[in-house]
Amino acid sequence: MKIKHLLIPAIALAMSMPAVAADKVKIGFVTTLTTGAGVIGRDMADAVQLALDHIGNKMGGLDVELILEDDGFKPEIGKQKTDKLVKSDDVDFVAGFIWSHVLLASRKSALDAGKFLISSNAGPSPLAGKLCHENFFSTSWQNDQTPMAMGEVLNSKGVKKLYVMAPNYAAGKNMVTGVERTFKGEVVGKDMTKWGKDAQLDFSAELSKAKSSGADGIFVFYPGKAGGAFIKQYEQAGLRGKIPLYSVFTVDSISLPKLQAAKLEGVLGSEMTQFWAPDLDNAQNKKFVSGFKAKYGRYPSFYAAQSYDTIYLIKSAVEAVNGNLDNMDGMRAAMMKADYPSVRGPYSYGKNHFPIQNFYLRKVVVDDEGNWTTKVVDTVYKNHQDTYVGECKL
Amino acid sequence: MDWPLTVTQFLNGVQLGVLLFLLAAGLTLVFGIMDFVNLAHGSLYMIGAFFCATMTLWWGSFPLAVLLTLPATLLVGIVVEVLVVRHLYQREHLDQVLATFGLILVFDTGVHLIWGPEGLTFPLPEVLNGQVTVLPGIEFPIYRLLIIATGLLVAGGLYLVITRTRIGMLIRAGASNRTMVGALGVDIKSLYTLVFAAGAVLAGLAGLMIAPITEASIGMGNDILIVAFVVIIIGGIGSIRGAFLAAMIVGLIDTLGRSFLDDFMKLFLSNQVAETSAPALSAMLIYILMAGILYFRPQGLFPPRGHR
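As you go down the protein sequences, you meet chains E and R in turn. In this text, residue positions in the first sequence follow our numbering: the first is 124, and each later residue adds one. In this text, residue positions in the second sequence follow our numbering: the first is 224, and each later residue adds one.
Bear in mind the hints are in silico, worked out from the structure with no lab data behind them. Mixed in with the good hints, there may be bad ones.
As the list claims (entries may be wrong) - Negatives, chain E to chain R, calculated, CB over 10 Å: (1) Thr158; (2) Gly159; (3) Leu175; (4) Lys181; (5) His256; (6) Ile377; (7) Lys386; (8) Glu442; (9) Val444; (10) Thr502.
As the list claims (entries may be wrong) - Covered stretches of chain R (chain E as the covering partner; in silico rule of three or more C-beta atoms under 8 Å from a C-beta of chain E): (11) 344-358; (12) 407-420.
These numbers were taken from a predicted model, which means no experiment stands behind them. We put the beta carbon where it would ideally sit given N, CA and C, even for glycine.
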């Protein structure tokens, strides 16, 4: 009897005790490593690895364990992988997410488990507004912001009639809303094309419509492999020189090497808006871009830049609490300060934890070594905040 | 009505149709004659695109790459048939689906290992890169016209082979009654290899023709294979004629739906509703057609004669 009396409280005590302080920081990173979109995931995974190399795989004295997961470009797989990361791996941070629809499907799994969720790319409007959450952070942008900047550019270039094309999913719709919000002229045509694993890549019908629409500008959002395909068909359809192309997230360091290998010179000089560029002049960006080029032999994309920042943001949180990963409040407060060297330069967080940052106009140029890359030519927005922050109840 | 645009969209639809036909022709023969469900047919389309892209980037000559890609995909077709597919003819459809799904993974991962995840893009020769005036006021990309011409030529050639030659007679006989053909002492084994390899070449041809428009990328065949299955179900399994007509119907419906459905819906719906529902509906049109065909005419529109 006596032993039993002693034993029960002892067990109860042992069970209620907080786990022994963690000896490592576990980061789960969900991205697309297979399918044609795998090329984006590779850029992100490479950037995360580079960041870990640069910090010696240590944060606040703890080792970092990275667990990469492939969402296969599908929301349901992304959610399953997030469940696995929070339940069986018990990670401290879930990060990554290229696709808005994958992030929207996965957010609940991560947040309900009480983990930090950091988007290294996707910025769907609900997460900035009604679904904002104290444990969600973005190292990228809200989807609408980049096309809003493009809308301003279109106005200043005197475009009056715009033809709009984007894939038919969460981010595509945000992009269209964004450009329509700031563009003052008339949208003379709009096509939302099929997206996902059986995405439409042949735009013959849409380009024919654009050609006969009388537009004096065409705005597109085609990330990943669809971007290269679109640019080629835009040329083949004879639109270059007739209807200038204005794009967001379409021409990047992922599509440019391929376009260069194929000598599709029509893309040179084309302009896009972006929060970052490889030539942004700050120490962290120089370290990142030169390190990435040295290690992988190619320019990093904006996906890579955001992923690199993700690791440094997490590091700033872990260091602020001296490696005590149970101190969620301390880590959250640290991340809200965005007090880390970002490759885009200093920025701050809004109350929905989306960055308030600059947006630039970039142009495709040939660098000193003859490689095609993008270069900042103008600043469109200074310290721009997304429009959904008002709906966030934090 | 905007006539130049309508004519252009019609041509776009025909171009999509002939591509689908090239893919569906092999699929329908393999399914119809050997009763073999080949999910990996799209992989041969992808292989055609990657072979052609690689050779074009090596030698800088698209025509040369095309000439060499066709025998190369023939070879791949024969190897796949002999190594894998041949052992599955006697098995159930589920086994075939599983095995050919495995083949897709092998092909996709193989391409990933050899070419990396980023895919390949290559330029068209300058002569093919322009526009041509097909009718006064109507310009159309030369290369897409070339695709239409090639597809129609191949369709005509296939028609002649199937209706006028001994091989064609055997293929038709096989589609109508497989067991009887075997019972009559025909070397069914080499006929099967031939049909499978021919299907591979047609898929490879479709792949290499689309590659300069989109690009060679991993999984490109899996995306389009679903539509190819829709085509052979609408056309009637085993029928080349059915595959051709169904491919045209599907190509035209898909293209014209994407082009005009939103304007059409704006006639009786608000702009907002039309803009959001038209893309979804136009993506569904061909599946709605397939469902209708399956209900009213389950054997397809043009099934092979004497088919059970």
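Going through the hints against the structure:
With a minimum CB-CB distance of about 5 Å to chain R, threonine 158 of chain E fails to clear the 10 Å threshold, and the non-interface call is violated. Against chain R, the non-interface label of glycine 159 of chain E is violated: not every CB pair exceeds 10 Å, the least being about 4 Å. For leucine 175 of chain E, the condition that its CB be more than 10 Å from all CB atoms of chain R holds, with the nearest at approximately 21 Å. Every beta carbon of chain R lies more than 10 Å from that of lysine 181 of chain E, the smallest distance being close to 30 Å; the non-interface claim holds.
For histidine 256 of chain E, the non-interface assignment is confirmed: its Cβ lies about 27 Å from the closest Cβ of chain R, beyond the 10 Å cut-off. Not every beta carbon of chain R lies more than 10 Å from that of isoleucine 377 of chain E, the smallest distance being close to 7 Å; the non-interface claim is violated. With a minimum CB-CB distance of about 5 Å to chain R, lysine 386 of chain E fails to clear the 10 Å threshold, and the non-interface call is violated. No beta-carbon of chain R is positioned within 10 Å of the beta-carbon of glutamate 442 of chain E; the least distance is around 34 Å.
At the 10 Å boundary, the C-beta of valine 444 of chain E stays outside the reach of chain R, the nearest C-beta of that chain being 37 Å off. Consistency note on threonine 502 of chain E: stated as away from chain R, and its beta-carbon is indeed over 10 Å from all of that chain's, at 31 Å minimum. Check on the region 344-358 of chain R: 7 of its residues sit with their Cβ under 8 Å from a Cβ of chain E, so the three-residue criterion for coverage holds. Here's how the region 407-420 of chain R fares: 0 of its residues keep a CB closer than 8 Å to some CB of chain E, so the rule of at least three is not met and the hint is violated.
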